[in-house]
Structure formats: C-alpha cells, structure tokens
Amino acid sequence: MAFTYLRHQLHLHRHKITVFLFLALLGAGQQTLAQGKLHGENLPGYEFKRLRWGFSLGVNGSWYQLEHSQYYVDRIDEGYSVNDKTGIGFNVNFITTYRLSPNFVLRAQPGVGYHSRLIEYKNVPADDITPGGDITQQMNTFAGELPLLVKYEAKRRKNTQMYFIAGIKPSLVVGGQKKGNPEVLQVKSMDFAIEYGVGLDMFYPFFKFAPEIRYSRGISNVHQPFPTVFNNSIQQLNTNTVTLYLNFE
1 MAFTYLRHQL HLHRHKITVF LFLALLGAGQ QTLAQGKLHG ENLPGYEFKR
51 LRWGFSLGVN GSWYQLEHSQ YYVDRIDEGY SVNDKTGIGF NVNFITTYRL
101 SPNFVLRAQP GVGYHSRLIE YKNVPADDIT PGGDITQQMN TFAGELPLLV
151 KYEAKRRKNT QMYFIAGIKP SLVVGGQKKG NPEVLQVKSM DFAIEYGVGL
201 DMFYPFFKFA PEIRYSRGIS NVHQPFPTVF NNSIQQLNTN TVTLYLNFE
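In UniProt numbering, the protein residues as written are 1 to 249.
Take the hints with a grain of salt, since some may be wrong.
To be verified - Below, computed lysine-lysine pairings styled on BS3-like, alpha-carbon distance capped at 30 Å:
id, residue 1, residue 2
1, 49, 155
2, 49, 158
3, 158, 208
Read the hints as simulated data drawn from the structure, not as lab findings.
Make a model of the complete structure from these sequences and hints.
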C-alpha cells in the first residue's frame, strides 16, 4: 500500500522531482569546489582530447503518453478510465566521444536500459479474458539502446564545464515483453526517440565525472493493435523518459 502511494506521488510530481535532483547535483558540485576538493587545475587539456572513452550509470523515470481510441470514448459514461503512471528503472552505458571542434563533441552511448511503465485501467468491463474492475498493467522491459548525440561544451572554468547535449536514440526491446498474451498490453519492440539535456563536467585528478539530466521523447507509435480491452482503449503510445546519468571518463 505504501509503495502504491509513493508511486502515485512520483507520477504527480515527476517534473518537479527531476528539476530538484539536477539542481541538488549542481549544488553538491559547487559545494565540493568551495571545500577545495577540486583545487588547482586537474587534467589540464583533457577537454581537447580527440577521442575519449568511459561509462555511465543512470536511474530513470519512464511513462507512456497515450492517446485514447474511440472504443474508450464510447465507454467514458460507464466510469471507464485509462491513465499512464510513472515507473522507475536504470541504465548502464558505454561512452565513446569524438571531438568535432573546440566546442562540439560527437558522443555514442550504447547500452542497456531497464524501463518500467504503467497504465492504470479503472472499471474495466468483464469479458472472457479479464475479470473486470481496476487493473494496472506494468510493462517492465530491457532494451538495447544506441544514443547518438552532439554535445556543446561551454568554456571550461578551472575544474568545471557546463554542457548541453541533444540527439537521437533508436532502441529495441530484448526482454520482458509477453508477446501475444491477451492479458497483457501489447507494444512494439522498436522505438525511436529524440533526446536533449544538460550536464556539468567536473575534472578530478584522475578522471572526469559528469552528472547529467536528459529527457527522451519517443516519436514512434509503439501501440500494437490487438483485440483486447487493453489495446482497444488506446490508439497511440509514445514513450517518455527522464534519466539522471552519472558519467565517468
């Protein structure tokens, strides 16, 4: 019961939480500088290296943006409703960067993402497949992802450097889906998204650490037509993800 309440609160305030987390990270970075933990100039000239490698760990909040179908509209008077909910997941990625110019870097970030997205159905009409009532569909999937991004780096100031990043992300679900199961919402495996975000490079004596917040918006309709109440109620599904990355190079 407590977990359900927490998940509901995360859904209501997901955008505020995202902004708060990033501002907290920036504040922690500035406090680290103020305490002298990044004294002197670490890794001088590292930002101008042509080719760099690293890895990233991330935690994400994911949800579907849905568009209801006529089937759903015809049943609104019966108290029937379908709404998206936010789930929590994680990411593990490798990082390869190639410098294009003094301010622009090309980044490939292949990896695996675990995403949990929920859709809440209320007052579902009973049929031969479903018992009816209130049903929550939780879509937990593993996806292979290949973000291809362009990073704009501001001028380095001692041991910190702000940056903006944007690009595309094709992905393919490789596990977690129950294809053809009439009791589960059916979605397509392939997705294509645009991404953009901001981050802060922090130069330490032996490595570069960068907290980054990034938003991913799926532009593909991943809704899979299927003759069940779960799929018939929806005509379009787009993925949305906010990820907090911790990048190490």
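Hints, verified against the model:
This hinted pair checks out: residue 49 and residue 155 have alpha carbons roughly 15 Å apart, not beyond 30 Å. Restraint check for residue 49 and residue 158: the C-alpha separation of about 17 Å stays at or below 30 Å, so the hint holds. A threshold of 30 Å between alpha carbons decides the hint, and for residue 158 with residue 208 the separation of about 13 Å falls inside it, so the pair holds.
When held up to the earlier numbered hints, the structure conflicts with none and fits them all.
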